[in-house]
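Undergrad: Each chain, letter by letter, is given below.
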Amino acid sequence: MTARGRVLLFGAGAVVVAVFFGLSCGELPRFGATAHPYGDRAVAASLAHRTANVVSSVNFDVRAFDTLGEESILFATVLGATLLLRLARDEQVRPAPAEGVLPTTRLLGIVLLPLALVVGVYIVAHGQLSPGGGFQGGVVLATALHLGYVAADYRVLERVRPLAVLDVADSAAAAAFTVMGLAGLAAGGAFLKNVLPLGTFNQITSGGTVPLFNAAVGIEVASGVIVLLAHFLEQAVEMSGPPEGGGSAEEEH
Amino acid sequence: MTQADLLPWAVAIPLLGAPVLAVAGRVLPRLGCDVLATAAAAGDVACLALLWSRIHGVSTARLGGWPARVGIVLAADRVGAGLALLVAVLVLAVLVYSWRYFDEPSGERAGLFPAMVLVFEAGMVGFALTGDLFNAFVFFELMGASAYALTGYRIEDPRPLQGALTFGVVNSFAAYLSLLGIGLLYARTGQLDLAAIGRGLAGRPPDLLVVTAFALVVTAMLVKAAVAPFHFWLPDAHAVAPTPVCMLMSGAMVELGVYGAARIYWTVFSGAGGVPHDAFRHTFTAFGVATALLGAVMCWQQRHLKRLLAFSTIAHVGLFVTALAALTPDGTAGAAVYVAAHGCVKAALFGLTGVLLDRYGSVDEHGLHGRARQLRLVGVLFTVGGLALAGLPPFGTGLGKALSEEAVSSSAGAWLTAVYVAVSAVTGGAVLRVALRVFWGVGPRPAEDHDDDQTTGEGEEPEIRGPLRGLPVMMTAVPGALLVLGAVPGCVPAVAHAITDGARALADPALYRRAVLGPPAEVRLPGAPVSSAWTVEGVALGCVSAAAAILLGAGSALRPLPAGRLLRLGVRALRRLHSGHLGDYLAWLAVGVAVLCAALAAQA
Amino acid sequence: MGVLVYLAAGWMLLVALYGLVTSRNLVHAVGCLSVAQASTYVLLLAVGYRDGATAPVFSDLAPGSRPLVDPVVQALALTDVVVGATVTALLLALTIQLRKRYSTLDPQALTGLRG
Chain E
1 MTARGRVLLF
11 GAGAVVVAVF
21 FGLSCGELPR
31 FGATAHPYGD
41 RAVAASLAHR
51 TANVVSSVNF
61 DVRAFDTLGE
71 ESILFATVLG
81 ATLLLRLARD
91 EQVRPAPAEG
101 VLPTTRLLGI
111 VLLPLALVVG
121 VYIVAHGQLS
131 PGGGFQGGVV
141 LATALHLGYV
151 AADYRVLERV
161 RPLAVLDVAD
171 SAAAAAFTVM
181 GLAGLAAGGA
191 FLKNVLPLGT
201 FNQITSGGTV
211 PLFNAAVGIE
221 VASGVIVLLA
231 HFLEQAVEMS
241 GPPEGGGSAE
251 EEH
Chain A
254 MTQADLLPWA
264 VAIPLLGAPV
274 LAVAGRVLPR
284 LGCDVLATAA
294 AAGDVACLAL
304 LWSRIHGVST
314 ARLGGWPARV
324 GIVLAADRVG
334 AGLALLVAVL
344 VLAVLVYSWR
354 YFDEPSGERA
364 GLFPAMVLVF
374 EAGMVGFALT
384 GDLFNAFVFF
394 ELMGASAYAL
404 TGYRIEDPRP
414 LQGALTFGVV
424 NSFAAYLSLL
434 GIGLLYARTG
444 QLDLAAIGRG
454 LAGRPPDLLV
464 VTAFALVVTA
474 MLVKAAVAPF
484 HFWLPDAHAV
494 APTPVCMLMS
504 GAMVELGVYG
514 AARIYWTVFS
524 GAGGVPHDAF
534 RHTFTAFGVA
544 TALLGAVMCW
554 QQRHLKRLLA
564 FSTIAHVGLF
574 VTALAALTPD
584 GTAGAAVYVA
594 AHGCVKAALF
604 GLTGVLLDRY
614 GSVDEHGLHG
624 RARQLRLVGV
634 LFTVGGLALA
644 GLPPFGTGLG
654 KALSEEAVSS
664 SAGAWLTAVY
674 VAVSAVTGGA
684 VLRVALRVFW
694 GVGPRPAEDH
704 DDDQTTGEGE
714 EPEIRGPLRG
724 LPVMMTAVPG
734 ALLVLGAVPG
744 CVPAVAHAIT
754 DGARALADPA
764 LYRRAVLGPP
774 AEVRLPGAPV
784 SSAWTVEGVA
794 LGCVSAAAAI
804 LLGAGSALRP
814 LPAGRLLRLG
824 VRALRRLHSG
834 HLGDYLAWLA
844 VGVAVLCAAL
854 AAQA
Chain S
858 MGVLVYLAAG
868 WMLLVALYGL
878 VTSRNLVHAV
888 GCLSVAQAST
898 YVLLLAVGYR
908 DGATAPVFSD
918 LAPGSRPLVD
928 PVVQALALTD
938 VVVGATVTAL
948 LLALTIQLRK
958 RYSTLDPQAL
968 TGLRG
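Residue numbers (the numbering used here), protein chains in the order written: chain E, 1 to 253; chain A, 254 to 857; chain S, 858 to 972.
Possibly wrong hints are sitting among the right ones.
To be verified - Coverage of chain E stretches by chain S, computed from C-beta distances (three or more under 8 Å per stretch; other residues unrestricted):
{"id": "1", "stretch": "5-14"}
{"id": "2", "stretch": "17-28"}
{"id": "3", "stretch": "37-48"}
{"id": "4", "stretch": "227-236"}
Said to hold, decoys possible - Computed from the model, here is a short list of chain S residues facing chain A with C-beta under 10 Å:
{"id": "5", "residue": "T879"}
{"id": "6", "residue": "T911"}
{"id": "7", "residue": "R971"}
Calculated directly from the structure, the hints in this document are not laboratory data. If you're wondering where the values come from, they're calculated on a predicted model, not measured in any experiment. Note that beta-carbon positions come from the ideal geometry of N, C-alpha and C, so glycine has one too.
Can you build the whole structure from these sequences, using the hints too?
TA: Structural data, given as structure tokens:
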């Protein structure tokens, strides 16, 4: 199809869809309306399980199965990226060249990296109390580690990043979520049930299993994102590929 | 273990197996990984078989102990559990098929391919068993993410990467469309559980919001099911994915899209405030027939074997959708039997194509002409598969076709029966033509066709290193076993009866609602059982389509069929539409959504 | 103000689809997919908003003292963000490998699968 034909076809479809969607928006409840029955039930459930952050309670207690699916998607992506970004048969790995690093940036990195890691751990640990949690904290932890790459160079990153350990930690944390869910099945009769003592409201140990699920997801996301970024960086920095111009497809057809 | 426990175990087993394999693959040899993977898959088959045999109506499990109005409830009737069982059986077959075959990465990445297959299984099983709409979206994306990575597996060749990318972008975009629909439904009803949304919609007459939300949500299902005009991604993905992955995609994943559409319509939109039955019936029958005819025509034209089988899957999906669109328990029962048998037969055919790829490095029908004469057994199995696709009794596909034909002719008209016969004949005939040419060298070798507008199937890399060793036994044994499984519903009346009996539950939303929203209790299926036996007309029509398939296949192998100039031009234009260009596919997706919205609104 | 927020979500989706249909670079296409996903966040969060309400977090708020916005859609949006980020990562990995094999990122140049 020509580019023009494509745009015309798209335009025809898009106009109709836009009209339908626009008219449907007119039938939605008013923006800012006060009736949110499911929201109110979720707040009540969260308070009943003494979790101060209602969003974390919804994620790790009330609708924990969604989070299990979501962290499985992350796990699948890490596996998939490992498979897709593997060394092809006609490629080689060459060690990353050392780069010059300004002493000021190195100092900034040395100071900020542990600080950022602590912030990440804080965000993960307090997920059940204040905004944050496993996903957010995990990403902060992963990017904190890459301050080593930003402030210094690739070799420093390789030194601070034990890739095999992180790979195993990713899988272990993913499995841990499922195992804790099955423990809930064994102890409480329902998969992913909150079976631990609920603690005192607004304390770090409150919420029952929510802090544990939080920690598992935090470890999984942090190690998963680090491994993911490691594969991408390897492609950019370390791999020398086939000669430019068409690559190594077996033959034309 | 109660039924309510089996439901989460069915998802937990593959989700546990995958990380264990990913870690164990670092230290265990190839044999260890194969053993682990097969054990996990077998465990899931056992769990789902147990679940399927015990369900008598709808089985539910409240996750986290929360009721449906607060948390997520897994709800499975015989159809959902049966589809999950089909998925598990095919995953086991695929993992056994890959045993001494398949060029997997070695060393520390040895366990990754089976781990990805297990995650794919978890996504599919979770999708089949869930009773919550947003949860269905999450598992839909889980299925998708693992499928994209598995499709693009062979990274040295640019075509798998292109196929995987198109697959990924189109399916993900459709998933985001459905999320918009979910947002609209949530705003209207304040619920995310399927049964609860259905109940919430019943309070008001249907308006534009309901129609738009339905169109958006069902589009993702139709894209996954590869219904025209959302089907363009499927042949591209199948042409390039590794054979074990093709077996799973055509055998189970696509059928889950059909199931999703049916489940969402029945549970959410079939009541008073949803989409009227007639609107659904007419619109989806039209989509189904168009898909079936397009799939059959394109299937006949292909010389790339995997693309040929992919288009035949599209054609059969059209037949499934037509049967479901009848909105009767008979139609649902016919579709269920047809899906179960077709999944096994199609996976077997892909497995046999993998043998050709392994031995000759090609899946080109013209290039392989007469070369596979020594693969006697494979040839016989391939022919049997072609006859099964055509609907020959006593295969399960024949029974499913017969039941579907009866259902649609009583609800919509006898002309639909002609569509069923024609489409089965053409797709079966194409497979038979391939078998005759490749395995028996029948007929003249086709002239070299330098038409740029097609994917030929030459120049494929064998999927395993070291083609000097013999053909692994499993590569023929697994397809053989799958063909036998495909014959079971047709030959064993008890199995057919079990499938059709449970299929009634799909068409009974009140039962589902009671099971999910009511107090936890055993809910039994009321009403009269549907027919599940062979009828004289069914056997006759099955024989007619098989005979037509043989005639078409043999006839065209001996001499190319004559075709009028107009027909040739039309088919050529249709083939050019399948351009491999991402923008084209998405433009057609936009048109498809628009047509769906307009058609439903006009009749609502 | 009322309907405009929802219409903005629809607009974002259609603009993203236009970008995908006319894209000449695969990285741009993956970015358009992210925009499509962002439209779903806008719709979900807009649906959950309540006038004069605050965030559903009780770390510094006594329960019951103020109305709260809908926490369920926020959890859904969180799940959605993770799903989108991971799908983007996979598609970009495919794009990297494709660039190496085709030495171009133009969808027009991908002619391997046709007919």
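Undergrad: Check each numbered hint from earlier against the structure, then list the numbers of those it violates in ascending order.
TA: 6
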